[in-house]
Amino acid sequence: MKIRPPHSGALLLILIGIVVSFYFLEQADTTLANPAVTSGWILLGSFVLLCLYGVRKKVPFLPIGKTATWLQLHLGFGVISSWLFLEHVDYRFPTGLFETQLYLLYGLLLISGFLGWLVMRALPETLRADGRELNPLRIPDELAGMVKKSDDCIAGLEPGELNPEILKGYFEVVRPYLCSGCGFLPSRIHPEFGVPQSLIQRLQDYESPTVLFSSDPFLPVHKIVREKAVLDLHRVRQRWLRGWLFVHVPVTGVMVLMIVLHVILVTAFKAGGAS
Amino acid sequence: MCPVTGSDIHDSEEDSRGHCFSPEAIPRVVLDWVQYNSILSIAWDECDSRGKSIESILQIDARVVEYEKADIIIRKGDYGGSVLIPLEGEIRVNLEESGEKNFARKRVTRKRSWLSALGQIFRRKTPVERIKTDSSTDKVYSSKAHVPRLDVDLEEYMSKNLTRRIGLGEICGEIAALRRSPRTASIFAETDCKLLEIRWQGVREILKNSKEFSHYLEDLIGDRRHQIFSGMKTLTDLPEAIQRTLSAKSIFERWGSDHWNRNFRKIMQSQSSMIDRESVILQQGHHMDGLYVLLSGFARVTNKEGSEEKTVGYLRPGDVYGLKELMKLSRTGVGSPALRSIRAVGAIDLVVIPSSDFVEYVLPELKNLDIDQLGSEKGLISTELLDFFLDRRIVNGNQTMVIDLNRCTDCDDCVKACAVTHDGNPRFIREGYRHAKLMVATACMHCIDPVCLVGCPTGAIHREHSTGNVVITQSECIGCASCVESCPYDNIRTVEVQDANGEAVIDLETGKPVLKATKCDLCIDQPSGPACVNACPHDALHRINFSDASGVSSIVERITG
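For the record, the sequence lines run as chains A and B.
Terminal number for the first sequence in our numbering: 275, no gaps in between.
Terminal number for the second sequence in our numbering: 561, no gaps in between.
Quick list of in silico lysine to aspartate or glutamate cross-link-like pairs, EDC-like style, CA-CA up to 16 Å:
hint	chain 1	residue 1	chain 2	residue 2
1	B	K512	B	D499
2	B	K69	B	D151
3	B	K437	A	E125
4	B	K249	B	E360
5	A	K57	B	D412
6	A	K58	B	D423
7	A	K66	B	D539
8	B	K208	B	D48
9	B	K111	B	D521
10	B	K324	B	D289
11	A	K57	B	D539
12	B	K416	B	E431
13	A	K223	A	E192
14	B	K69	B	E190
15	A	K58	B	D412
16	B	K101	B	D78
17	B	K328	B	D289
18	B	K101	B	D153
Covered by chain B, according to a simulated footprint, are these stretches of chain A (three or more residues, beta-carbon under 8 Å):
hint	stretch
19	50 to 61
20	120 to 127
Honestly, the hints are just simulated from the structure, not real lab data.
For each residue, glycine too, the CB sits at the ideal point set by N, CA and C.
Isolated chain B, as found in the complex (with noise of 0.2 Å):
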């Protein structure tokens, strides 16, 4: 594990840093200059009376990173679990929507050649997953990041478009790093420059330690709140000053448990009723007071059929509900009571924007394709499949993997070349919950609300930052089976590593093998991209996005006929 304080690392070997977010120290010019310059000043003599000092959190939780002028340093829509804090330079955060094509990606993650791949077929077997425990491979660590640049007259392209420059020692990231959410904002380095970044965890132990830094966040959070309206799908091309205006009219709300899935498991044993179970946040037939917009989470959409409800459709992050009644509002002046009931599915956050408010500032702004959009209840699934859904919460998946079982010849040709990618040992189980004619096969779901994260303690499992896929860096894994225990769906497994001669690694301490935490990868560095997928002979193994209602009918249609 690694040391507690910063001076206790500076005295250790330099392999004690292993779990630590960076291999070198942060040094102490810096952390005087954050001590006095930077907001951590405010939380600086709150952790240290509470005896968990800043020091010690960013010398574990911290990394000081350099960019180049021009660089992009977080891009709107990534996936990114960390915070940034200004310590040389200057840094710009885009505000306007037409500037963001400049960030686009160029390049998707790196793929193995057809001959790497090739050469897996001749690898040695192992008998239980192998991770390499060598580590003279990994790469020398270097604070400079290597990073895509804007290609862009960088003078023009901010006389163009709105930007604004963040100050030194403030902080910026916060909204994604602490809600599990995508950016909301693109930055770019204006000149060369020096950041510190803190993962969440640090972040966390900050919050948990320094109520006065907290109550700072959840302000500034407030402040910067209405850039999550340009991270939804549909109302993303609202003016800034409009979604400003928005945030400050709108009511916020948090419902359900940030721990749904600790006794998730107990629940779905007990058996009882699910929608039961679930807070009622709209009541069909009660006033319509706004637009619903789902931050995160989930809700389920229900219609009552006599004295029960009946699941009709589910809302994930970034779906609006209310816009018929609203339309109706809009054209007749006379308000209609809500036409379903929504309940919060584990926990949620949502924003409701004032009817008068959506009516004067987003309807003019839609486009009639937007309002359809908007309008519709998600896709053409009956509700014994919904109810099954959302009851198992795997509407929570981006890359659920489904399979047809009135085409599944149990040939096993998925699990082979699961295996043939990952050494012999395939991620998944071809078992799993079970509906009619369709399976959920125990494979991680790549969830857009990861709860494995949650509790890892050196952020070894984390999003890629370009797909949201959920990875795990085995150099950082450290076995505690955190994610295991967090993961509702069982979909995430501890090995025992090995070493070359395939021997189990045993821990000198404890007398007992290290392990680390293994799941499925989507074959990230194969060049066709998920292996099962394309090995299944008769197309009955499909990967389902949960946010993609079409493709979810699609699919869900073809199997169940």
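Just chain A, same shape as in the assembly (with noise of 0.2 Å):
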């Protein structure tokens, strides 16, 4: 698997935050304000600018730039932000319930993100290079028909021409596989067969799989499971293309509503202090 290397723009983007970022924690630190105050507020405006990005793909009619030109700062600064992030929280563990939370919540979105970020850079190629590619609403038909064809086939055999033994293999696991879904992990495949090792386990309780993919009759079935492997391992593929986006956008909310809430305290506590 090949992962296009990152953009030259958005590792200049996050050695200028980062610098420009270290200016202002020094000056902070010169004047003896309180560092977690002003990297607090940094943070928060590098938050801002990476929600901006979500908002910007809604209006792609604005001449504000291209979306890949805000996915490369929204990249930039999704790692600056961690490094504030951690500046922020001065290296530390986190103590209490609130700042446990704030610490996971974080943790999820910055490793969804790089997830997301490696998914898409890795999965395009390998989607096109299994020659399967299909469009996501059509695959219930093509799986539908393979089931159907299979179908067909074993219809299709002279009384007697297949082992009892396998047939019943045929109806007790090799056509329930046809209609399952392809799950969340690609499954292994057996080398010699082209077929899930998992499928395989379970068909030597009713013949020898050397038996079985090698007999005539069974040939063109196990064509059909053989397409149906590569297609689940394309499902799996398309479903974490999008599947991190299911973590990352939720997360992201919930993370919005969780900063508030700790600016407000923060704020609140402060006014105390001073009162």
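Join the two chains into one complex using the hints; note that each chain is given alone, in its own frame.
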């Protein structure tokens, strides 16, 4: 699996962002201001910028730069914000429930974002390489077609052409496999037969896979099972391509609420302390 | 549909002119004047005898337009699908390149404001494309043209620049209108004037019914064809005298069929070799008789490797072939055989400037930079990719949507962006021809030779004057699907028209839903331009202009690595 290297512009942005933030933190240090407050405000600013990417995606008709450029900014600020977060918490472990929740959410956000970046750079190429590229909406039809084709193959056999154990294996293992979903992790594929290892293990109760897959009447079904295995792998990749967003986006929403609450609490305590 | 005769039009309801060029009928006095004083007089009787009166054609396909002194009537380089006949006043054509700067466009197409663009997010989405049926917002028709004006002292301008008056009743604008090519010269109003503007559908009707007019127009184009040189990138600077000499000495040729698009889909399905189907214009190794200048259509440049013809490049309108061979001739005095073969892809018009005339007239006028540009072969694209682009006629595109499959994550942000800017209905399909890591999506390519225009009976589908983009005027579309049939790339669709309540509008005569053609409009009214390109977060979607060789190579190189 090849991963496209990060954009040089994003790397430069990260560098500039860190230098500028470092300057402000040093300034705060020399003026004896509370460094947590300074880093907090900078962190909040970077978080607002990170959220703006989602807003930009909703208005593709405005001439405010390409979304691709905004994504690079988003990635750059994502990395900067992780360093700012550590600065903000002074590189220590969380104490208390609220802080632990913030740590966990932030960690989840960062990890899901990083995973998203990885899969978006690595998976498109492999998606096209398997030659089975399909619009996700068409996959159910494709699967239904496979099951029908496979059933037709079995129905077309002469009586006694297939061993009854094989037939039993077909109806109890192979057919349910053809109708099943793909899960979230890719199946391990048997190098010799090109079908999932788990399927072979289950088939062993009925017939030796070597005998089964070398049986002439079963060859068309074997071909369909192999196709399903490739399609499943493809679907898993498609799920990964979108799946990380199901974590990243909701966590962002919760994080926004937590940050607002955090700012209110800090401001309230500060005001209370001053009085 | 429009009434057939002019007299019928006067009697009919005003809204029956909906698909005519003008909502106002041409006055009788104008028709009488045109019949006896204009160039159309030669076709008048012939058309009448064939049962297709010019009067009826003009009532549907012509309008009277008024211009004020110094108005720019036609701007060189713009696209236009009509011819003009002066009825009153004086108009002049600019013949000097140096004067063209005064005609430069100062204002681009009006775009939405940011506020109006933002309003699109909150607009109600409709299940199918909704096109307004309410015409109350249409502008009130006025024959007075609102066009930019020459910002110069007209008398001084005319004394300093070479111009020529176009007499009353003469015809102008025919080259661009009939060839679907850019205007070859600028025309301005010398005094307040009135012109009869006939759209090309009408000119085609007259040509069909009058041989005499057809011969006249052929001769006229022949006489004015020197102007085609001024429409070309690198031959623009040639003085008019040289252009005239060259046009007299050059050989104009036409190859292939005008209707290449009709059987294109069948040919594509047959999967036979495209190269074998193409006519050979110039054979590699044969005597090089001159500089080949492409006027319209496309040509494939091939190199023989063993027994196989390999595509090494392509030519688009304005491109030339043969410079290397002719440069050798000019340096050594010995002619070189053709280094490559040229084949006609579809229908093409070309002009061959004989070798001796090229060396005598053109070469001294060319700068070194021009020679380098003219001599270079298109980009550094692999033979397989060139074949892919040429076999599927993708080189026709000025705004071809190409997707880098290695970057595309199937997020459909491009489709969503298109939907947001078009009332919830995307105007393209993110599927199409594929070659390795590259996909040409099913989106209007805004072709250099837009064959979709050819059959449109109302002229609803047309080229935008300033940009050459192919757009559809919804109020003029009658949903005949002629453009859908003509588009060889399946990039145009018809959709049902809905009224304000979201109900399908039904044709009372047929009982079927009223249809309109729709396609990508390049987000012509959006502040950002094409929303699809802006929306792609991975920079996977590109719009390619195949005239821009370096642009094509850089994008292709990026995609194919």
